[in-house]
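These protein sequence lines are chains E and U, in that order.
All residue numbers for the first sequence refer to our numbering, where the first residue is 477 and numbers rise by one.
All residue numbers for the second sequence refer to our numbering, where the first residue is 455 and numbers rise by one.
It is worth saying that the hints were derived from the structure and are not from the lab.
Just so you know, even glycine gets a beta-carbon here, dropped at the ideal spot from N, CA and C.
Hints may contain errors.
What the hints assert, rightly or not - In silico DSS-like links for lysine-lysine, alpha-carbon gap of 30 Å or less:
1) U:K622 <-> E:K531
2) E:K591 <-> U:K661
3) E:K545 <-> E:K581
4) U:K512 <-> U:K622
As the list claims (entries may be wrong) - These stretches of chain U come out as covered by chain E in the derived footprint (C-beta under 8 Å, 3 or more residues):
5) 475–483
6) 515–528
7) 644–651
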Amino acid sequence: MKIIKRLKILPPTLREKKRFIKFQVLSEERINYEDLEQAIWNTLLDFYGEEGVAKTGLWVIKNLWDEEKKICVVKCNHVSVQKVIAGLGLISRLGDTRVIIKILKVSGTLKGLEKD
Amino acid sequence: MQAFDMHVHSAFSGGVSSLEELASTAKILGYKGICFVAYPLSKKEEEILKAEIERVKKEFAIEIYLGFEARNVKELRILAKRRKEFDVLLARGGDLKLNRIACETPEVDILTHPEFGRNDSGLNHILARLAAENNVAIELNFREILTSSKASRAKFLSHMQRNVMLAKKFKAPIILCSGAINHFEMRDPYCLISLATQLGLELKEAKDAITKVPQKIIEEIKKRRDERWIMPGVEIIR
Chain E
477 MKIIKRLKIL PPTLREKKRF IKFQVLSEER INYEDLEQAI WNTLLDFYGE EGVAKTGLWV
537 IKNLWDEEKK ICVVKCNHVS VQKVIAGLGL ISRLGDTRVI IKILKVSGTL KGLEKD
Chain U
455 MQAFDMHVHS AFSGGVSSLE ELASTAKILG YKGICFVAYP LSKKEEEILK AEIERVKKEF
515 AIEIYLGFEA RNVKELRILA KRRKEFDVLL ARGGDLKLNR IACETPEVDI LTHPEFGRND
575 SGLNHILARL AAENNVAIEL NFREILTSSK ASRAKFLSHM QRNVMLAKKF KAPIILCSGA
635 INHFEMRDPY CLISLATQLG LELKEAKDAI TKVPQKIIEE IKKRRDERWI MPGVEIIR
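Work out the full structure, taking the sequences as your base and the hints as a guide.
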């Protein structure tokens with residue numbers, strides 16, 4: 477008998493509607509991805525708590541991090557966009573480096589993020 | 455989006471960063487204009503600040519306004535008398551007496567952080583009604599949230615939520631400001647809007663709080679610069 481290893485994919489109507497938020501980190505010094513990811517999670521967990529962050533469906537997308545331009549993309553569900561942007565605005569330091577987050581674009585698809 | 459940050463302190467008064475640093479950060483973040491806020495200065499210092507503002511305005515091609523923040527009732531009365539000499543009049547909230555007088559004075563544009571240093575929100579239904587009558591904008595100061603943490607941040611948020619509720623009920627204008635004292639405390643307008651939605655404003659109301667409310671204040675500034683303007687509500691028609 478064949479053993480099913482993966483769950484069957486949910487139909488589109490039952491899937492969570494997602495949004496991608498593209499932002500730039502403005503700072504005087506170089507920053508690394510690990511510091512940024514930790515700061516995002518810690519700031520949002522401090523502000524909304526574990527239950528609050530669980531509802532946002534937050535995901536920091538590692539392979540879209542641009543170290544040169546300091547551009548990052550996070551994914552969340554469509555009802556939590558304002559919540560996540562407000563949380564990102566509360567990030568003021570990455571380690572010892574002072575930073576400002578500039579929101580570049582919000583889109584429902586990764587392809588949409590590339591459009592001007 | 456034509457966003458304005460109407461409460462930024464420079465190194466001239468209470469701040470750390472220079473006018474250039476603040477103006478360039480505002481430009482990068484996409485602001486159309488900012489207001490440098492100072493505490494009452496001597497005539498000589500005031501002239502230097504005005505000359506610096508003119509220079510920075512040309513250098514960065516951004517709208518820059520000069521505002522004065524009254525820290526007590528005496529300063530507020532003096533500044534209200536010479537209202538035509540500068541752009542924006544702010545009253546530093548926190549003291550109940552000053553909160554009340556600021557809400558009663560039509561010359562005042564913005565009542566900054568009415569909940570500052572208090573165990574209550576600093577506003578009640580009477581003050582909110584007065585602010586609406588005299589068109590005094592109630593400020594939601596982002597710096598208070600940014601620089602506090604845990605219990606103190608929770609208190610600030612709760613007081614701000616109460617002020618938002620009162621201002622919405624009595625239709626008093628609400629304004630979103632960074633209240634930055636250095637350029638790293640300035641925030642993207644979209645972050646301020648999103649935070650305001652977490653404090654009880656609808657998305658449209660939050661956008662208006664950073665675009666339309668400051669624009670109304672700027673319209674008043676333009677009217678005030680006219681020679682025919684005498685005081686709020688009084689101007690020479692013919």
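Hint check results:
1. Of the pairs offered as hints, the one joining K622 (chain U) and K531 (chain E) holds, with about 28 Å between alpha carbons and a cut-off of 30 Å not exceeded.
2. A C-alpha spacing of about 24 Å is found between K591 (chain E) and K661 (chain U), which places the hinted pair at or below 30 Å, so the restraint holds.
3. With a CA separation close to 15 Å, the supplied pair K545 (chain E) and K581 (chain E) stays within the 30 Å bound.
4. A distance of roughly 38 Å separates the Cα atoms of K512 (chain U) and K622 (chain U); the hinted pair therefore is violated under the 30 Å criterion.
5. A stretch counts as covered by a chain when three or more of its residues have a beta carbon under 8 Å from one of that chain; for the stretch 475–483 of chain U and chain E the count is 3, and the coverage holds.
6. Counting residues of the stretch 515–528 of chain U whose CB falls under 8 Å from any CB of chain E gives 0; the rule of at least 3 is not met.
7. Taking a C-beta to C-beta cut-off of 8 Å, the stretch 644–651 of chain U contributes 7 residues in contact with chain E, enough for the three needed, and the coverage statement holds.
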